[in-house]
Amino acid sequence: MKKFEPTVIAFSCMFCAGCEPVAAKPEKSMKAAQLKVIRLHCLGKINSMHVLKAFENGADAVLVAGGACRFMEGLAVAQKQIEYTRKLLEELGIEPQRLELVPVNQAEGKTFNEAVEGIIKRVRALGPNPLMKAKKAA
Amino acid sequence: MVPKIEHGKKITAAVLVAGAGIAGMQAALDLAEAGFKVYLVENEEPGRKRSAKGGAAARGFLCSISSKLLAVQLNNNIELIEKARIEGIDGVAGNFRVLLGSAAPSSVKDKAAATKKNAAEKLRSIAAGAVIFAPGFNSLAASSGYDFQAELQAHAEKHGFSIAGTTMITEKERLPLATSRPGIFAAGGSGAPAVRDALIQGSCAAALAAELLSPARGALVREKKYPAEMSVAADEPSIGIFICRHMLSVKKAAEGIIAGAQKMNAAVHVEALPELCSLASLKRVQEAIEEQGLNRVVAVTCNPEAHAPLYQEALAEAGLNRYLLEMPDRVSAGHALDVLRMAVARTRKLEPLKEVTSDVVQSGLVIGSGVSALTAALSLANQGFEIYLVEQGPSDGSDAARSLQKKVAGQNKIILFSHALITSFAGHPGSYVTTITVNGAAEVLKHGIVIIETGQARDTLAALLKIPVAADGSYVQPSALQPLDLACGGMFACGNGDVSNSIIQGLAAAARAATILAKRELVLSSIVAVVDPERCVACLTCVRECPYHAPAISEERVSFIEPAECRGCGICVSACPRRAIELKHCTDEQILAELAACMDVRS
Numbered sequence: 000m001k002k003f004e005p006t007v008i009a010f011s012c013m014f015c016a017g018c019e020p021v022a023a024k025p026e027k028s029m030k031a032a033q034l035k036v037i038r039l040h041c042l043g044k045i046n047s048m049h050v051l052k053a054f055e056n057g058a059d060a061v062l063v064a065g066g067a068c069r070f071m072e073g074l075a076v077a078q079k080q081i082e083y084t085r086k087l088l089e090e091l092g093i094e095p096q097r098l099e100l101v102p103v104n105q106a107e108g109k110t111f112n113e114a115v116e117g118i119i120k121r122v123r124a125l126g127p128n129p130l131m132k133a134k135k136a137a
Numbered sequence: 000m001v002p003k004i005e006h007g008k009k010i011t012a013a014v015l016v017a018g019a020g021i022a023g024m025q026a027a028l029d030l031a032e033a034g035f036k037v038y039l040v041e042n043e044e045p046g047r048k049r050s051a052k053g054g055a056a057a058r059g060f061l062c063s064i065s066s067k068l069l070a071v072q073l074n075n076n077i078e079l080i081e082k083a084r085i086e087g088i089d090g091v092a093g094n095f096r097v098l099l100g101s102a103a104p105s106s107v108k109d110k111a112a113a114t115k116k117n118a119a120e121k122l123r124s125i126a127a128g129a130v131i132f133a134p135g136f137n138s139l140a141a142s143s144g145y146d147f148q149a150e151l152q153a154h155a156e157k158h159g160f161s162i163a164g165t166t167m168i169t170e171k172e173r174l175p176l177a178t179s180r181p182g183i184f185a186a187g188g189s190g191a192p193a194v195r196d197a198l199i200q201g202s203c204a205a206a207l208a209a210e211l212l213s214p215a216r217g218a219l220v221r222e223k224k225y226p227a228e229m230s231v232a233a234d235e236p237s238i239g240i241f242i243c244r245h246m247l248s249v250k251k252a253a254e255g256i257i258a259g260a261q262k263m264n265a266a267v268h269v270e271a272l273p274e275l276c277s278l279a280s281l282k283r284v285q286e287a288i289e290e291q292g293l294n295r296v297v298a299v300t301c302n303p304e305a306h307a308p309l310y311q312e313a314l315a316e317a318g319l320n321r322y323l324l325e326m327p328d329r330v331s332a333g334h335a336l337d338v339l340r341m342a343v344a345r346t347r348k349l350e351p352l353k354e355v356t357s358d359v360v361q362s363g364l365v366i367g368s369g370v371s372a373l374t375a376a377l378s379l380a381n382q383g384f385e386i387y388l389v390e391q392g393p394s395d396g397s398d399a400a401r402s403l404q405k406k407v408a409g410q411n412k413i414i415l416f417s418h419a420l421i422t423s424f425a426g427h428p429g430s431y432v433t434t435i436t437v438n439g440a441a442e443v444l445k446h447g448i449v450i451i452e453t454g455q456a457r458d459t460l461a462a463l464l465k466i467p468v469a470a471d472g473s474y475v476q477p478s479a480l481q482p483l484d485l486a487c488g489g490m491f492a493c494g495n496g497d498v499s500n501s502i503i504q505g506l507a508a509a510a511r512a513a514t515i516l517a518k519r520e521l522v523l524s525s526i527v528a529v530v531d532p533e534r535c536v537a538c539l540t541c542v543r544e545c546p547y548h549a550p551a552i553s554e555e556r557v558s559f560i561e562p563a564e565c566r567g568c569g570i571c572v573s574a575c576p577r578r579a580i581e582l583k584h585c586t587d588e589q590i591l592a593e594l595a596a597c598m599d600v601r602s
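Going line by line, the protein sequences match chains A and B. Using numbering that gives the first Met the number 0, the first residue of the first sequence is number 0, and each one after it goes up by one. Using numbering that gives the first Met the number 0, the first residue of the second sequence is number 0, and each one after it goes up by one.
If we strip away everything but chain A, and leave its shape as in the complex, we get (with noise of 0.2 Å):
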């Protein structure tokens, strides 16, 4: 059976991590694993809806990365949604260790790298997205 590599969507917000990522190479662990960026105006903007259509689509992990914020207040409120989608997401038998928002600043990819990491490593041992798998089974 084929190794399984997890597929990472990562919302960023584009004052703070946009450019980041993907100009510090990504290490090799990274390289099998997919990642893949949606740069959004502000994490402010960012609610369960997103996060839940992207497990939906069949990402096994979401990460959401912003850092001091220029409109103030968006990392904050961006922090409130993702702790109430974890509840929702445990509700839905998704683990919600699928789901992690780091603190991210401009010029700091290095951190987000680790990040993407950490959640790669995390996601490998639990497995594909389940929603998947009921998929398949139906």
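Which chain A residues face chain B? A few, computed with CB under 7 Å, are given here:
#, residue
1, VAL36
2, HIS40
3, GLY43
4, HIS49
5, LYS52
6, ALA53
7, ASN56
8, GLY57
9, GLY73
10, VAL76
Straight line, CA to CA, 27 Å or less: simulated DSS-like cross-link-like pairs of lysine-lysine:
#, chain 1, residue 1, chain 2, residue 2
11, A, LYS35, B, LYS251
12, B, LYS282, B, LYS223
13, B, LYS8, B, LYS406
14, B, LYS262, A, LYS35
15, B, LYS250, A, LYS35
16, A, LYS52, B, LYS262
17, B, LYS348, A, LYS35
18, A, LYS52, B, LYS348
Simulated from the structure, these hints should not be mistaken for laboratory data. By construction, the Cβ of each residue, glycine as well, lies at the ideal position given by its N, Cα and C atoms.
With chain A fixed as given, assemble chain B onto it according to the hints.
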């Protein structure tokens, strides 16, 4: 601070900047934005890469420099005169005549061509009120043995002025970058400045020239004309994808990427261009828009933040709305097609957005009591703008500050509030309202810009003025190419270091501020939240959640967000329980399209 021009004498509202280096380009841009015609004279071809050997760091640097050059080229009030040099400067401050000749050719081949052309190319004479010498193309030139000081000295000897006072500020004069000849300024003269210093010195020189010429401001500039905007609402998306060759360094992969992109839905034109951040490439994009009837553009460059405003401008020149542009994240060969597929999916859903503008209140607020705050206030007042100077603590007792305080007292355009406390702050770039308390009495100040001297009780001030602060306590800097601009529009910081540096920064901040104050109307971002009145039930959630207090309940009893007041964070959008608010250019439809594309799910 600047030589006064005798009353009644004619002033030419144009500045000649010699040297299209970083400092020169910054001076030209600041002056043109502040209402002056600029002639930017360069003896080489600007952009010719004197230090192309520098490797990857140099590449990135050159790509950011090229964005300044593009901004110069797209500005209709800057005339770029290439391969020319200054033969002589006649006249006096406010009314110079500068004689130009063709520059000495650098190679034998060029020389032969030049001799042929010489007969045809007569000397050109340009009328300018002030002259700024800003030699040197870029800071990396320094490492290749280039000597700014020597070039500046050569100019000085030739045109009969001394630069002795440009780097050292004497007790008496306190005028950096000025030469011994009034009306002639020299930027970038203190050895080999770093990029940041060169930018600041360029702005500083612009402030000095603007002070001199401010009575004639606006006389020679023309408003840029755009073609009528194409209506695209009814048309199917027809997308042009343009990729910078530097992003496709591996040839085989490049072919695959281009072939893959051509197959994408709605992509009608895919082209790789040698350097996407050059004027030639922008022109090519504009041609393609016309030829192929493109109505949306995806441009892949190495620095989307720096290049986006320039591509927006190019779209506007071609009659396309500025927001029908998508510049995805930096692309590496391994996942280029993924990124492109997501970008195209999002681009299909892009909508043209209405321009959001603000009337500019033509007065400024300067917060601080040190040398740089005093200098900034004086420079803006000398440029004809009304200034509120708010000192939160006691006055600065240093010698340098004292002599400036005397000048402030003699300048009737500055209203000074000592021992004042800022109690509230509201508004948006171009139109802010600040309430201060002095001796128990409240004063309401209306102003278009804010200049803050760094070190002014940073935490409380930042929270009150809603200026983002980085983890290390410094103000967040949105762009390395605009070192004094803060992350909020119309706000600038100044004042680090010794007296000489503080003066230079004060003047530079004044030049940046003048680019806003000189305008009647400021164009703001159209990325704003819009309420659907049909869905809104006036629950007040958005009113409570907005960090900027933008939403208000209208007479129709629904929430209304004034576009100019909205900064586009989207917090109200995610908080709204009725999903009645949409953030333009970052809509759920656009995000979901990207999400579907990245997992290759058909939506």
